[in-house]
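Model the placement of chain Z on the given structure of chain V, informed by the hints.
Protein chains in written order, with our numbering: chain V, 999 to 1458; chain Z, 999 to 1458.
It is possible that some hints are incorrect.
Which bits of chain V does chain Z cover? Going by a derived footprint, with three or more residues having C-beta under 8 Å, they are [what the hints assert, rightly or not]:
{"no.": "1", "segment": "1085 to 1096"}
{"no.": "2", "segment": "1123 to 1131"}
{"no.": "3", "segment": "1308 to 1316"}
{"no.": "4", "segment": "1378 to 1389"}
{"no.": "5", "segment": "1412 to 1425"}
In the SDA-like style, the derived pairs of lysine to any residue whose C-alpha atoms are separated by at most 25 Å in a straight line are [stated by the list, open to error]:
{"no.": "6", "chain 1": "Z", "residue 1": "K1389", "chain 2": "V", "residue 2": "T1023"}
{"no.": "7", "chain 1": "V", "residue 1": "K1321", "chain 2": "Z", "residue 2": "S1250"}
{"no.": "8", "chain 1": "V", "residue 1": "K1331", "chain 2": "Z", "residue 2": "I1107"}
{"no.": "9", "chain 1": "Z", "residue 1": "K1331", "chain 2": "V", "residue 2": "I1107"}
{"no.": "10", "chain 1": "Z", "residue 1": "K1342", "chain 2": "V", "residue 2": "N1079"}
{"no.": "11", "chain 1": "Z", "residue 1": "K1152", "chain 2": "V", "residue 2": "M1354"}
{"no.": "12", "chain 1": "Z", "residue 1": "K1112", "chain 2": "V", "residue 2": "M1354"}
{"no.": "13", "chain 1": "V", "residue 1": "K1424", "chain 2": "Z", "residue 2": "K1424"}
{"no.": "14", "chain 1": "V", "residue 1": "K1431", "chain 2": "V", "residue 2": "S1355"}
{"no.": "15", "chain 1": "Z", "residue 1": "K1152", "chain 2": "V", "residue 2": "D1387"}
{"no.": "16", "chain 1": "V", "residue 1": "K1389", "chain 2": "Z", "residue 2": "G1038"}
{"no.": "17", "chain 1": "V", "residue 1": "K1152", "chain 2": "Z", "residue 2": "K1424"}
{"no.": "18", "chain 1": "Z", "residue 1": "K1152", "chain 2": "V", "residue 2": "N1358"}
{"no.": "19", "chain 1": "V", "residue 1": "K1389", "chain 2": "Z", "residue 2": "R1021"}
{"no.": "20", "chain 1": "Z", "residue 1": "K1112", "chain 2": "V", "residue 2": "Q1278"}
{"no.": "21", "chain 1": "Z", "residue 1": "K1389", "chain 2": "V", "residue 2": "K1331"}
To list a few chain V residues with every Cβ distance to chain Z over 12 Å, as calculated [what the hints assert, rightly or not]:
{"no.": "22", "residue": "L1002"}
{"no.": "23", "residue": "L1119"}
{"no.": "24", "residue": "M1214"}
{"no.": "25", "residue": "K1331"}
{"no.": "26", "residue": "T1399"}
{"no.": "27", "residue": "R1455"}
None of these hints come from the bench; they were simulated from the model.
Even for Gly, the Cβ is constructed at its ideal location relative to N, Cα and C.
The lines below spell out each chain.
There are 2 protein chains.
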Amino acid sequence: MDILQQMKQFLEPQSVALVGLTRSTGEDSFNVMENLLSYGYQGKMFPINPSTSEILGIKTYPSVAEIPEPADLAIIATPRNLVPHLLHECSQKGIRSAVVFAQGFADAIDDEGKQLHRQMLDVIKNNGIRVVGPNTFGTANAFINFSSSFFRQKLKKWPIGIICQSGMFYIGFPELAMTGKGIDLGNACDISFVEGLQYFEDDPQTRVVVLHIEGMKDPTSFTNVAQKVARKKPLIALKTGRNEQAARAAESHTGSLTGKDELWNTALNQAGVIRVNDLQELVDITRAFAVLPPLQNPNVAVASLSGALGIMTLDACRHTNLKMGRLSPQTQKGIEAISPPWLKIGNPLDIWPVMMSSPNVFTPLVNGLNTLLSDTQLGAVIFIGAAFDEKWATGLPQFLTDLAARHPDKPFACCIYGPNGDDAIKGLQEAGKIAAYPTPERALKALDKVYQYSQLRSRL
Amino acid sequence: MDILQQMKQFLEPQSVALVGLTRSTGEDSFNVMENLLSYGYQGKMFPINPSTSEILGIKTYPSVAEIPEPADLAIIATPRNLVPHLLHECSQKGIRSAVVFAQGFADAIDDEGKQLHRQMLDVIKNNGIRVVGPNTFGTANAFINFSSSFFRQKLKKWPIGIICQSGMFYIGFPELAMTGKGIDLGNACDISFVEGLQYFEDDPQTRVVVLHIEGMKDPTSFTNVAQKVARKKPLIALKTGRNEQAARAAESHTGSLTGKDELWNTALNQAGVIRVNDLQELVDITRAFAVLPPLQNPNVAVASLSGALGIMTLDACRHTNLKMGRLSPQTQKGIEAISPPWLKIGNPLDIWPVMMSSPNVFTPLVNGLNTLLSDTQLGAVIFIGAAFDEKWATGLPQFLTDLAARHPDKPFACCIYGPNGDDAIKGLQEAGKIAAYPTPERALKALDKVYQYSQLRSRL
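The following block holds chain V by itself, in its conformation from the complex (with noise of 0.2 Å):
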């Protein structure tokens, strides 16, 4: 089997082979069965469970040998004893592909885990079944309402692909559920980031490659791949892990190799793929590519509600590599015919002058937004707003999303604050079409790795 058909057999299954499935339903069950139910996975389920006849409704079977078909995927939830011996039933069954949660094997320190990661590693030699984990939660494809973990998900149909070493990329973020697709490497003991980002080069649901990196064995692979993925789209990574103190943590969490912070720096670059630093970092950042289109001029526009954040933006702006756009006579002139007489027409520009101007606010709102946005000599608009309150939470993401639509071409990012401001930058995001943040520096970091994105792009 080549690797895309192994890969899709991991994110596309047809079929799964539930291993060690509980009885228990309901809350705290963590019953992998129901949480595929519950997203309307459409697969065929063959759970395995030798104490009972049926659960959910579903019949099972005492054995992976007894189930009827080989499937795609097998899952399998058993304490770590049980694995090398499981896995081996499975490709037996036939069954090629395999997610491994249970945690206690080269992240161990006692003997018996290290002896069960490498009898783990005979059964993949010799038996041709591949495996996803263990210490994992698998894989997850929103498109097709599937995840393997065992908590259940918010399935969302994000352009994102993720390759991590944790599941906390598939729990989420209050401020973006990252999938669309994952794998979860965990300790990475066969499937890692070469044959994730074999699969997500060419894949047309991806947009933008998340990296959650602690360490890999064999990095000069996995930059050769990454480069050539990272010339049909970008690839975003958080390599943790940046000190000896927190290397030798990752090599203790995953049982992975880790190297040193400087060559990974260097790699990292040479490959074209965008290293961030931390964590709000990446969720601002993957927000960006996922929503906007490509950004090449660096001259941007900022209309604010506010004079204090329209500096503040200004300021941002001195650690990236945009700048204010100067406002072509045109959008001057447009500016200036809805603006009181005393207004300085600048670029930050002050627009709440503007919007007191009328008696519906929203109207002066909508035209000098529209305005900046149609000016061709600016590469990207950004909106400094506040969501006052409900009323303002729901029509601040209608209104703005209609103008993005009008200007599918020009990067648009807002920053909403006010006490429904959360609200507001939610309903951005769910709109799909603005990348939208809560301060003017996040909103400004993430437009610039869009552009720095455009310029290493034509380099690679």
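Same frame as chain V, but now just chain Z:
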């Protein structure tokens, strides 16, 4: 009148004259009196509007001259051209303090604005009335349910005092309602940072003072009083306008002088003011100071549901003065007693396997955290957990707050991820015992500033 009495008129007014109050009520009417009624403000209110006899059932007066007594504070909500005359009228009535909303004075580009600015200064100089503004939302005090802002605020009785040059701080941020008490200086034509600091210096309701500085006329007086205040409580400053272009924008925003950024660095540092770099830092660090006890010992412990996030916390340490502390033998033993035998007990502590060792995952989690919080060799504890669903989002704040209450002298911070993380963070924030963040890096950075302040204070 001494300055403290004067500032009490601004921040603790027992009566207000509402000059130019709109007759409109309801949504988008920006009716200050309607806002005050909604907050439950108990002071006297004298609405002044010559075109009607009552607003919201309260008797109006045709002019300032006709109100029955000199109010503590006049809130002037008229167009700019009426302001100098009205200030004069207020002073004739015996009113000594006024908030002026209107824009278009020193911040305007037209001659009329500059002229009105000079006229206003003349009235202030010659008639003994003091002004907050213009171009301001005025003053706010959640403890007496008061705000002069025409926008309806969410008043929270936080121990935070704010002196700012923008109304955005009253409108607040998704993650933090910024009152407490506030003075929006606006253009700061009269009352400025010095007077604001004099009010907050010994105010028992204020634990931490936040400064948003665009520029000021008299930095020397400011640094003198700031150093006095910093000996008593933390001062956090966001000084914006950091490059030439941004500084020019700041000057046009509020018409004030800005000065070289490096000089500000030096001056703030010498005064013992904690300078932050952006809005996110300001919000994160303010939140920590508002709820945490002092942090004098830089050795912290981290307990994480996710090994990956534990490693990111270690990474984040390299930008701070904090380090992972050594667990005492007693702590080590206490954790071992509730852990599976294969688990490596370290710091960061991977607490997920500990939780999975019991049918009720919360019991070992509480025991583990309690053991860490009891370790006298550790300066602070950081818990990194997930809110997987609504139950976790309400459960975590409850039991974590209970734990914090049992250890009132130990700074306790959290990072909560997961789909319901934002609700859990809000719950923790409302309970007011723990500083909670969505990423470990932001938690570390905030704790680091709390530690830095205890170092700083000892040298002031």
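Can you confirm whether chain Z covers the segment 1412 to 1425 of chain V, using C-beta to C-beta distances below 8 Å and requiring at least three such residues? holds (count 8)
Can you confirm whether the C-alpha distance between K1152 of chain V and K1424 of chain Z stays at or below 25 Å? The given pair, whose Cα atoms are some 20 Å apart, holds under the 25 Å limit.
Are K1342 of chain Z and N1079 of chain V close enough, with their CA atoms no more than 25 Å apart? With Cα atoms ~19 Å apart, K1342 of chain Z and N1079 of chain V stay inside 25 Å; holds.
Does L1002 of chain V sit more than 12 Å from chain Z, CB to CB? 28 Å, holds
Quickly compare the C-alpha distance for K1152 of chain Z and D1387 of chain V to 25 Å and report which way the hint goes. 10 Å, holds
Decide if the proposed pair is consistent with the structure: K1389 of chain V and G1038 of chain Z, CA atoms, cutoff 25 Å inclusive. 23 Å, holds
Restraint status (C-alpha distance of K1331 of chain V to I1107 of chain Z at most 25 Å): 17 Å, holds
Least C-beta distance from R1455 of chain V to chain Z larger than 12 Å: 28 Å, holds
Does M1354 of chain V lie within 25 Å of K1112 of chain Z when you go C-alpha to C-alpha? 21 Å, holds
Tell me if the straight-line CA distance from K1389 of chain V to R1021 of chain Z falls inside 25 Å. The given pair, whose Cα atoms are some 22 Å apart, holds under the 25 Å limit.
Between the alpha carbons of K1331 of chain Z and I1107 of chain V, is the straight-line distance 25 Å or under? 17 Å, holds
Chain Z over the segment 1308 to 1316 of chain V, status - at least 3 residues with CB closer than 8 Å: holds (count 8)
Violated hints, in rising order: 1, 2, 14, 20, 21; the structure is consistent with all others.
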